[in-house]
Structures are given as structure tokens and as C-alpha cells.
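Colleague: Take a look at the letters that make up each chain.
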Amino acid sequence: MSQAAEIDPAAQLDAAYDGLRLAGLTKSFAAFTAVDDLDLDVPRGSFFALLGPSGCGKTTTLRMVAGLDSPTSGTITLAGQDITRSKPYQRPVNTVFQSYALFPHLDIFENVAFGLRRRKQRDVETQVADMLDLVELGSQARKRPAQLSGGQQQRVALARALINKPEVLLLDEPLGALDLKLRRSMQIELKRIQTEVGLTFIHVTHDQEEAMTMADTVAVMNKGLIEQMGAPAELYENPRSTFVANFLGQSNLIAGTITSRASDVVTVDMHGITVSVPTGRTHTDGDAGWVGIRPEKVLIGEPGEELDAPGNTIPGGVVTDVSFVGVSTQYLVRMPWGQELQVFQQNTGRVRMFRVGESVELSWRPEYAFVLDQSQDASAGAQQVGVDG
Amino acid sequence: MTDLQDPQPGARARPVAQGGAPRPPRPTPTPTPARAPRGDLVGWLKDHLVLILGLLVLAYTFVPIAVVVLMSFNQPLSEQSKIYQFQGFTLDNWLNPCEDPSMCEALGRSIEIGLLATLVATVLGTLAAFAMVRHEFVGRSTSNLLIFLPMAAPEIVLGSSLLAMFVASGLAGQLGFWTILVAHIMFCLSFVVVTVRARLAGMDDNLEQAAMDLYATPAQTFWRITFPLVFPGILGAALLSFSLSFDDFIITNLNSGNTTTFPMYVYGVSRRTVPMQINVIGTVMIVVSIAIVVAGELNNRRRRVSL
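Residue numbers (the numbering used here), protein chains in the order written: chain A, 8 to 396; chain B, 6 to 312.
To be clear, the hints were calculated from the coordinates, so they are not data collected in a lab.
Note that the Cβ used here is the ideal one computed from N, Cα and C, for glycine as well.
Take the hints with a grain of salt, since some may be wrong.
Chain B stretches covered by chain A per the calculated footprint, using a threshold of three residues with CB under 8 angstroms from any CB of chain A [claimed, not checked]:
1) 206–213
2) 217–226
3) 230–242
Derived SDA-like pairs: lysine to any residue, alpha-carbon spacing no greater than 25 angstroms straight-line [claimed, not checked]:
4) A:Lys-150 <-> B:Asn-211
5) A:Lys-94 <-> B:Asn-304
6) A:Lys-94 <-> B:Phe-135
7) A:Lys-127 <-> B:Leu-212
8) A:Lys-150 <-> B:Thr-231
9) A:Lys-150 <-> B:Asn-304
10) A:Lys-94 <-> B:Asn-211
11) A:Lys-150 <-> B:Leu-303
12) A:Lys-94 <-> B:Leu-212
13) A:Lys-127 <-> B:Phe-227
14) A:Lys-127 <-> B:Ala-224
15) A:Lys-127 <-> B:Asn-211
16) A:Lys-172 <-> B:Gln-214
So the derived label-pair ranges between C-beta atoms look like this [claimed, not checked]:
17) B:Ala-206 <-> A:Gln-257: 37 to 45 angstroms
18) A:Val-204 <-> B:Leu-56: 56 to 64 angstroms
19) A:Glu-143 <-> B:Ile-57: 48 to 56 angstroms
Next comes chain B alone, as it looks inside the complex (with noise of 0.2 angstroms):
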């Protein structure tokens, strides 16, 4: 603050000179060597907020990731510890992941539903996309507006609706494995339409009569033109539909009868003690996902470079 009293003149003329870029010097009509540290300061963190922010922003997204990998690695100290922090380091977790059978059991029947969820979704969903794009049909427009609800519509609203129909079918006593995956299927359904539509919609219609002025057939226009083209939507919809329906809590929690899912193992669970080996689990999800998204990556880039 030493340099309070310089004149004002200098400080209309410095963003300009300070943009970082080098410049040929110009007479400066006030010359201010006092300021010239301070004006360096700035003009670094002028030049660098952007990636200040980003780094901020990023270690805010990654944190509480890092903190599901470190407790994977926890070793509580005792059994009945309702402390959840680090209290020292074991490979115990990952070893014997399976040390509360339940929890296993919660997860690979998420597993089941969210595979056998994301399946139907994607098949179904992907006819109904290719029906709305490429088809006109009474009722096209209302269809296409009516399959964004279940995305609008609140979960929680869902699911109450969900258990509702399913008690006045006369399930109330079956809800379960069952209920739940045709819970699933629904909310998925949405997700794939979207994302297929989306796909679909972009592409050239020409290039499928193009394949058909070459003698192509229908069947082989789809499948050596549409199909391969359409793929990275479809399977972009199905890790979506895979990833939502392994999460989902509300609607599962409304419709499972005495059946846990992971999620509702998880948030059972919390309210006493937690086993560290949900962490594992956690990591391991962690790792699968940056996996597809590298693998996805990589792919990219080596058609890029072979071309």
C-alpha cells in the first residue's frame, strides 16, 4: 500500500500493460517503478484465475472421493467405533470384503437388477427413439413430450405412485426383486429414449439412402450403416441406465418390500456402524467408471491418430 499516492493516470494505463503477453516497452507518461511487484502479483493472478478456479473446483469435486479411497484403507479401532475417521492403515477391507454377507448379498442384487434393468431399458427405449424419429405416427408429439416426465417428475413422487399402483394391482404382498426392477426399467426408459433420440436425430438421413442406392437392403442399411452409427448413443444409454438404477434409493426404497438393495443396505447401515468394506466397494466403482471413461478416451484418440 506504499503506493497509495501515485497518480491515477498510471492506473487507467496498467490492465492494458500488464495483459502478460509481451509488448514492445512504450513511453509511459508516469512512470511508477514502485509498483512494478505488486503490479507482477496481479497481473500472475490475472493471468492464472481461470486455472485457479478449475483447481479449486476440481479438488471441491474430488475430495470426498479421496476420502471413500483413504477409509477403504481404514482400520478401526474398535468394533463398535461409531468414529468414522482414519485410524490407521490395513489391506483387512479389501481382503475380506465380504465380512458382513449381507452387504454382499445388497450388492450383487443390485448388480442383477441394474444389469437386467439397463437391458430391457435399452432395447425398449431404443425401439421407442428410433419409432419417434424415424416414424409418423398419431400421438408422436404427445409420446415425445410425455417421455420426459418420469425425468421431470420428482422420485419421491414416483415412487409413492409406483408402490400405489402396485398395492392396488394387488401386489402389496409380492413387492420385492420384481417390483423393483420394473421400477427400474420405467424410470430408466426415459434416460435411453433421450439419449438414442438424440443420436438418431443427428444423423443424415442421406447416408441411409445412400447405402440403399448402393445396393444395400434394409436389413443390411441398418445394421452395417444405422447401427453402427447409433452404437455410441445406445451405449451411452446403457452405462447411463446401469449407473442410475444401481444408485437409485428413493423409488427402490418405496417398492423393495423386505428386499435390500446396496443403496438401502448403505443407508441402513449408517445409522449404526459402518463397515469399512462399503469404501471398497465405493473405490471399486470409482475405478470401474474412470476405467470406461479412459478406455473411452484412448479409443478415441487412436482412431484420431490412425487417421
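The following block holds chain A by itself, in its conformation from the complex (with noise of 0.2 angstroms):
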């Protein structure tokens, strides 16, 4: 499974690539390998997320980088130059870690001011108090960490890190131990931050949104492969495995056999109903498969109702709950061969709310669904809890 090896192979060959190249990256300890050959590149500037469940071999992957595991293999090459075996105090990456690991001896403006006096560096006091500005803690500088509340606690991690202007700044779950609202707000400063000052920005998280909502690239992780990596967007509509169909958002996984492919469309016998797929959204070589489909793309009707989705049409479905949130109503729709399907629609007022026991008609627009390899569990990536990696 290569599918990380997206590398273009002119890149590869240029050793002046300025951005930060994993290859062949793996890490064994006794009994499991933690991350098994990983290729990847992350380009200079950009803000990067690494997405995966727990022990998907993320932070490791984060480690290596950072320079506080060393791998078992492959190299890590950051702006043409190898880095794989130096020291941690060697490297230009910094690291705001997931307890943030403030020195609890230490003021923050000596909390912040460490990276810099270890360098020798002129005018500390100015850059300290312009960083502690940026992160908005200008008034906190003698205070000591244990005063702080955890997302001032947070902010000064990220000024002791940002301080330093790594080439690459390493972000660990930094926003886990905080509460959500808090959270969403750190999102937005951390996103403000990284576009202000140009760093390179990796972000190891297992919070699918969070990872959504800050990166430009995201590269979804399990058991220590990239499954799939591109834009939140495109991994999201357009998933190729069942584990990112799965673990990015919700999806209902449908068994069906492929009957025909031609150059732009494949005809999937879904249980006796003949549903097509765009070829491009297909990403499986072998007859069987599993016919994908997000909750929200769904259009839940009447039977014999004209629903706005030329195409796949699924007659014979009962709505058996019906969940109402606000801005949408979750049914769930059990289909005749048994299976229960989710359906998300929106509350624009326009469309009536069925009742648990309603017969209806589910249908969807061929271009949102997509087709995975049936090999897959169906079931992979599916109900994370949110537990760190």
C-alpha cells in the first residue's frame, strides 16, 4: 500500500527539494513496527496534518522527525539536507508537545527565551517580548507556568517553539487537553499564526475536523501507512479506502458487484439495483466492491416521489429512527436486503420530517458516490473515540 508514494519523481531526484522528504521512513521496536516505510513529502510552508487513530504510528512519525526517536530505517531529508541521524539540538525543528512540557522552574519569558539563549542569540529581551506579543501574553511574562490556565499554558508552548523559526515547527495533539470552545479558538489562532509568520507547520492530531478545518494537506495515518493524503476536501469526497470513507466524517458502505466499466462510468449491481459511479471515484480493480455514499449526499422521499437526483434511485427503504438535531434530521433507513442506512437532511424548512415506520425512497446524485475494494473491512476507522495517538 503506496499510495503515499505520490512523490513526484521529478522532486525525488532534486536534492535541492526545500521542503521536508520522509523516505523509506520506518520505526520497529521489539514486537510491531510503528511506522513501515513511509514516503512523504511536505512542502516548504505549508500546514500539514497528520491524521490517524491512536497508535497509528503518527507521533512516532513526528518523533523521528524531531529528532527524539531515531528510525530503524530510511532517511529524513529537510531543505537537501540529510537530518536522520542528528541531534535533536541539532536540527531547525522545533516541537510543541502535547503536555507542552513547560519547564515548570522557569518564568515564561524564560520559558520562551530558552531556544534562543542556548543559540547565544543578540537582543533576547525584544524577540522574547515581541513573541510573548504575538501569542497575546505580553502581560504574563514573570508569571510561572503552573499559573496559567491550559490554553495560555498552550500559547506559550507554541511562542517557545515559534521563537526559534525552526524550518519545520512539529505540533503534537497540542490542542487535545483543551475544551472545545477553547479549542475551536486555538484552531483559528493557530491558523493565523502559521499564515503570518510562513513556517512549515506538521500537525499530528486524531480530530478529523481539526485536521479539516487547519491544513492545507492532510495525510490520513493507520497502522503506520498513509492511507491517503491530499486536501480536506478531496479526501473527504473522494475517499479510496474504507478507512478514510470511515474515519473522515461518516459513510455508508454498500456491497455491490461491478457489471460493467466503461471509460467514464461504472454500473455497480447494488442488491439487485443498478447504481453508476464516475470511473474516476472507483478505486477498486476487482469486481466486488463497496458502493460509498456520506449521509448528507442522500435524498430521502416519498415512494414514486420525483427526487432531484437524476440517476440512482433505492426504492423499498423504512425510516426506523429518526433523530432531530437542529440543523439537520438524522434518519436511519433499513433497506430490503436488511442493512441500515444513514441519512442526514437539512432542516431548510422546504421538506416535510418522515415518521419512524414511513416507507420511503432513497436516492442520490451518481457523482457523489464511490466505489471501494470489498477486501476492505467495511467497518475500518469507523467510531473513533477521541483518544490520543
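Got two chains here, each in a separate frame; can you build the complex from them with the hints?
Modeller: Next up, the structure:
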């Protein structure tokens, strides 16, 4: 599985690639491989997210880039220089730790000044003052970390790393310890700072929403491999594995058999109902596949009703559950073959709500569906609970 | 006991009502005006029970210390008086603490052994604690367990085994300052390891990684991050070592040959006339200990206030 090898061959030969490049990176522990032959290019100045469930190897990858773990094999190059074996204190890379790791015996000013002082920089005073202003902590300079709130500590940790103007800033679940509201505002803040300073950010997270909100490129990691990489919208709209389909948002996956392949459209027989899917959204070479559709792309209507969806109509559904959540209504609809599909309907006010037990018809536009390989577990990546990786 | 005839229901309601905290008056089914005075006393006792017990425990702890301080000002009626009781006030004991030169000699020796044992045990114990917390090596868990043994073993057993060891090594004729020092370092070491290890284990590993990530070399990381954070543990271990060494009688007595330390001197003279100067030494030690504790506490508070 090396879709991750999306490296432009021309760039690969180019020794002067100015971003961060991981090539064949592997980290094995006694009985288990945390990161397996990983190839990854992070362009300079990008906001890159490594997204995955706990134990997927994303934190190990980050620690290898920071130099805190050494890879079993493979190389790490930064701006054309091989840094695979250099010590953490020799790399132009700084980390914002999940636990912040602020030095408890130093005040905020000295925490932020730490990196500058180690490199014997001049005008430490002004640089630290400017940096504390950037993270809006100018007035807290002489406090100790323990006296600050979680959000403030997080900003100190960020300032302490940013002030060194590293080539790459690594963020290890930096917002994991904050409550939801604070997390939202810190996400915006981080994004603003990244745009302002223009450094390369690599952000490790298990929170798909956070990754999609902040990053311009997201790499979804699972079991030491990169499942898929791309812009957030691309990953969401056209997932290439069941893991990505389930881990990023929710998906209905329906077993089907491919009956014909044309140049632009693939026809799938889904429990006797024929649906079509664009060829570019079909990610299997075999005959058996999972037809995937996002719940909000499914339209729900009365049997025989003309829905705004030329193409795939699936009759014979029965509503088994209705949850009204304000902006939308979420239905569970039992299909004739026994599977329950999720449907999210926007509450535009122009449609009526269905009740449990009503017969309905589902439909979707062919260009929203995708087909995945049936050898993959249909429940992979589903129901992720927010835990640290 | 005039209210014995009071109906029971009132008694059931009472414990809640007596709770001390002011609460809005509520209608009581059985009015018991006669009960009020005793109720107040019982209520007061209940409210202050913990305080009273605490004061009693403090008194229990401090009375012997107060006696030491008091006796340091005692003027014995006659030189040969064996009656250890306060007979008159004097400052003589404080003005001539070394009236018996052998006492001050023993004291000096105890301090010397205490400082040396503390120094060696603290350095070795700190190194051992770092090894046990930070490094994987064969026999680490065994070492962790064995380090407790000197703390768990009865002193009399340790003392006699040490003596047996010294004699077996042909040092029977040379028991004295050095054998005492070796013995003291041995038992102080365990306490140092345990104290420093606890401090070290409670430290976030990420701090050192963060320092390295921020361009600190391993040496800079140690001196700027690790050491300042572990230092309170090391200091505590050193103080503990000194007081253990200074205080020790049983092990010292078995391994001292003709050398006399302060506790051995006190033990020796307690069978004859106890010079009142012992109380002077005792008082000074108490004052020094209190001063250390107070200084530490003040330092903590100053830090908290400045924050």
C-alpha cells in the first residue's frame, strides 16, 4: 500500500527540494512496526496534518522528525540536508508537545527565551517580548507556567517553539487538552500565526475536524502507513479506502458487484439495484466493491416522489430512527436487504419530516458516490473515540 | 442529668440541629428548652473535637522538647547531684558549653562523620537513583528491591553484620572513625536513593526532550532542567542523611572501637551525671532544625507570592 508515494519523480531526483522529505522511513519496536516504509513530502510553508487514530504511528513519525526517536531505516531530509541521524538540538525543528512540557522552574519569559539563549542569540529581550505579544501573553511574562490556564500554557508552548523560527514546527496534538470552545479559537489562532510567520507546520492529531479545519494538506495514517493524502475536501469527497471513508466523517458502505466498466462510468449491481459511479471515483480493480455514499448526500422522499437526483434511486426503505438535531434531521433507513443506511437531511423548511415506520425512497447523484475494494473491512476507522495517538 | 426524662424524638433530631452552622429556625415537634445549655457544650465539643485532639497531640510531642530547652538553663545544686530536675536558672551552661571537653570532642566527631557521610552518600545515592530511573540494565528491578534492605533491616542486625565483616576483613584492631564513616554511608545511601528516585520518577520526561528540542546539549539539559528540578529531592536526602548519621547509636556503637560519637557520649554519661550542656547542644539542634524548616517554608511562600 504505497499510495503515499505520490512524490513527483522529478522532485525526488532534485537534491535541492526545500521542504521536508521522509523516504522509506521505518520504525520498529520489539514486536511491532510503528511506522512502515513511509514516504512523505511536506512542501515548505505548508500546514500539513497527520491524521490517524491512536497507535497509528503519527506521533512516532513526528518524534523521528524532531530527532527524539531514531528511525530503524529510511532517511529524513530537510531543505536538501540529511538530518536522519542528527541530534534533536542540532535540527532546525521545534516541537509543541502535547503536554506542553513547559519548564516549571522558569517563568514564562525564560521558557520562551530558552532556545534563543542556547543558541547565544542577541536581543533576547526584544525578541521574547515581540513573541509574547504575538501570542497575547505580554503581561504574563514573569509568571510561572503553573499559574496560567491551559489555553495560556498552550500559547506559551507555541511561542517557545516559534521564536526559534524553525524550518519545521511540529505540533503533537497541541489542542488535545483544551475544552471544545477554547480548541476552536486556538485552531483559528494557530492558522493565523502560521499564515503570519509562513513556517512549515506539521500537525499531528486524531481529530478529523481539527485536521480538516486547519491544514491545507491532510495525510490519513493507519497502522504505520499513509492511507491517503490530499486536500481536506478531496479526502472527504473522494476517499480511496474504507478507513478514510469512515475516519473522515461518516459513510454508508453498501456491498455491490461491478457489472460493467465504461471509460467514464462504472455500473454496479447493489442488491439487485443498478447504480452508476464515475470511473474516477472507483478505487477497486476487482468485481466486488463497496458502494459508498455520505449520509448528507442521500436524499429521502416518499415512494415515487420525483427527487432532484437523476440517476440512482433505491426504493423500498423503511424509516427506523429519526433524530432531530436542529440544523438537520438524521434518519436511519432499513433497506430491503436488511442494512440500515444513514441519511442527513438539511432542515431547509421545504421538506417534511418522516416518522418511524414510514416507507421512503432514497436517491443520490452518481457523482457523489464512490466505490471501494471489498477486501477492505467496511467498519475500518469507524466510531473513533477521541483518544491520543 | 435533669433532662433524662425528655422524650426520645427530640434526641433524634438533635445531632443535626447542633451542627454549629447557623440554619433557619424550623418548627420542632418537641420543644426542649431545658436541654439548651448542655446541648451547646456538647455541640461546641463536637465542633472543636479535631482541634482539641490536635492540640493534645502537639503538646504530647513538644513537652519533651520543652524539657530539653528548660534543662539547658538548669543550675544543678551540687556537682554530684543525680537528680535530673530543674533546680535553678542559670546561663552558665550556655556560656561554657564545653565544660566537659570530651563532650565537645564527641560532638565535633559526630558532625564531621555526619557531613562526610552525607556528602558521600548523597553523591553516590543520587547517581544510583539516576541509573535506576533513567537506564535499562540487567538487574535493575533487583537493585530497586535490594536498596530497600538496609532501611528494612533492624539496625542491630546491620550493626552486628558490619562488625562481623570488619573483623573478618582483619580490621578488628582498627575500628574507629573510618569504620563508623563506612557504616554511616552504607545506611544513608538507601535513604538518598529512595528520596531522589521518588523525585526523579515524578518528573516529566518530556521536559528534557523539550530542552533538547530547544537546542540544549545533554550537559545543558542536565544543568538547566534536570538538576534544578531534582535538587529539592537531593537537598532533602542530604538533610535526612545528616540527621540519620548524627543520630545513630546502635550501628555506631558496634563499630566504633574506642572512638566516641555524640550519641555514644550521651549514652555513656547518662549512667553517671548528665552534664547540663547536653541540653544546650540539644536546644541548638532543635533551633537549627526549626530554622531550616522555617527558611524552606518562607522560601516557598515568597515564591508563591511573587508569582
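Colleague: Hint by hint, say whether it matches the structure.
Modeller: Structure-based check of each hint:
1. Proximity of the segment 206–213 of chain B to chain A, defined as three or more residues with a beta carbon under 8 angstroms from a beta carbon of that chain, is established by the 3 residues found.
2. By the rule of at least three residues with a Cβ nearer than 8 angstroms to a Cβ of chain A, the coverage given for the segment 217–226 of chain B holds, with 7 such residues.
3. Requiring three or more residues with a Cβ within less than 8 angstroms of a Cβ of chain A, the coverage given for the segment 230–242 of chain B holds, as 3 such residues are present.
4. The hinted pair formed by Lys-150 of chain A and Asn-211 of chain B meets the criterion: a straight-line CA distance of about 21 angstroms does not exceed 25 angstroms.
5. In summary, the hint linking Lys-94 of chain A to Asn-304 of chain B is not supported, as the alpha carbons are separated by about 38 angstroms, beyond the 25 angstroms threshold.
6. Between the alpha carbons of Lys-94 of chain A and Phe-135 of chain B the distance comes to roughly 22 angstroms, so the proposed pair stays at or under 25 angstroms and holds.
7. Between the alpha carbons of Lys-127 of chain A and Leu-212 of chain B the distance comes to roughly 21 angstroms, so the proposed pair stays at or under 25 angstroms and holds.
8. Proximity of Lys-150 of chain A to Thr-231 of chain B is assessed by CA-CA distance (about 20 angstroms); at most 25 angstroms being required, the pair is judged to hold.
9. With a CA separation close to 17 angstroms, the supplied pair Lys-150 of chain A and Asn-304 of chain B stays within the 25 angstroms bound.
10. A distance of roughly 16 angstroms separates the Cα atoms of Lys-94 of chain A and Asn-211 of chain B; the hinted pair therefore holds under the 25 angstroms criterion.
11. Taking the CA atoms of Lys-150 of chain A and Leu-303 of chain B, the gap is near 19 angstroms; set against the 25 angstroms cutoff, the hint holds.
12. A distance of roughly 16 angstroms separates the Cα atoms of Lys-94 of chain A and Leu-212 of chain B; the hinted pair therefore holds under the 25 angstroms criterion.
13. A threshold of 25 angstroms between alpha carbons decides the hint, and for Lys-127 of chain A with Phe-227 of chain B the separation of about 18 angstroms falls inside it, so the pair holds.
14. Only pairs whose Cα atoms come within 25 angstroms are accepted, and Lys-127 of chain A paired with Ala-224 of chain B is accepted, the gap being roughly 16 angstroms.
15. Pair hint Lys-127 of chain A plus Asn-211 of chain B holds up; C-alpha atoms about 23 angstroms apart against a cutoff of 25 angstroms.
16. Between Lys-172 of chain A and Gln-214 of chain B, the direct Cα distance comes to roughly 18 angstroms. Compliance with the 25 angstroms bound is thereby established for this hinted pair.
17. Judged by the Cβ atoms, the range 37 to 45 angstroms given for Ala-206 of chain B and Gln-257 of chain A holds: they are separated by roughly 43 angstroms.
18. At about 59 angstroms, the beta-carbon gap between Val-204 of chain A and Leu-56 of chain B stays in the expected band of 56 to 64 angstroms.
19. Checked against the given bound of 48 to 56 angstroms, the beta carbons of Glu-143 of chain A and Ile-57 of chain B, roughly 52 angstroms apart, stay inside it.
Of the numbered hints given earlier, the model fails hint 5 alone.
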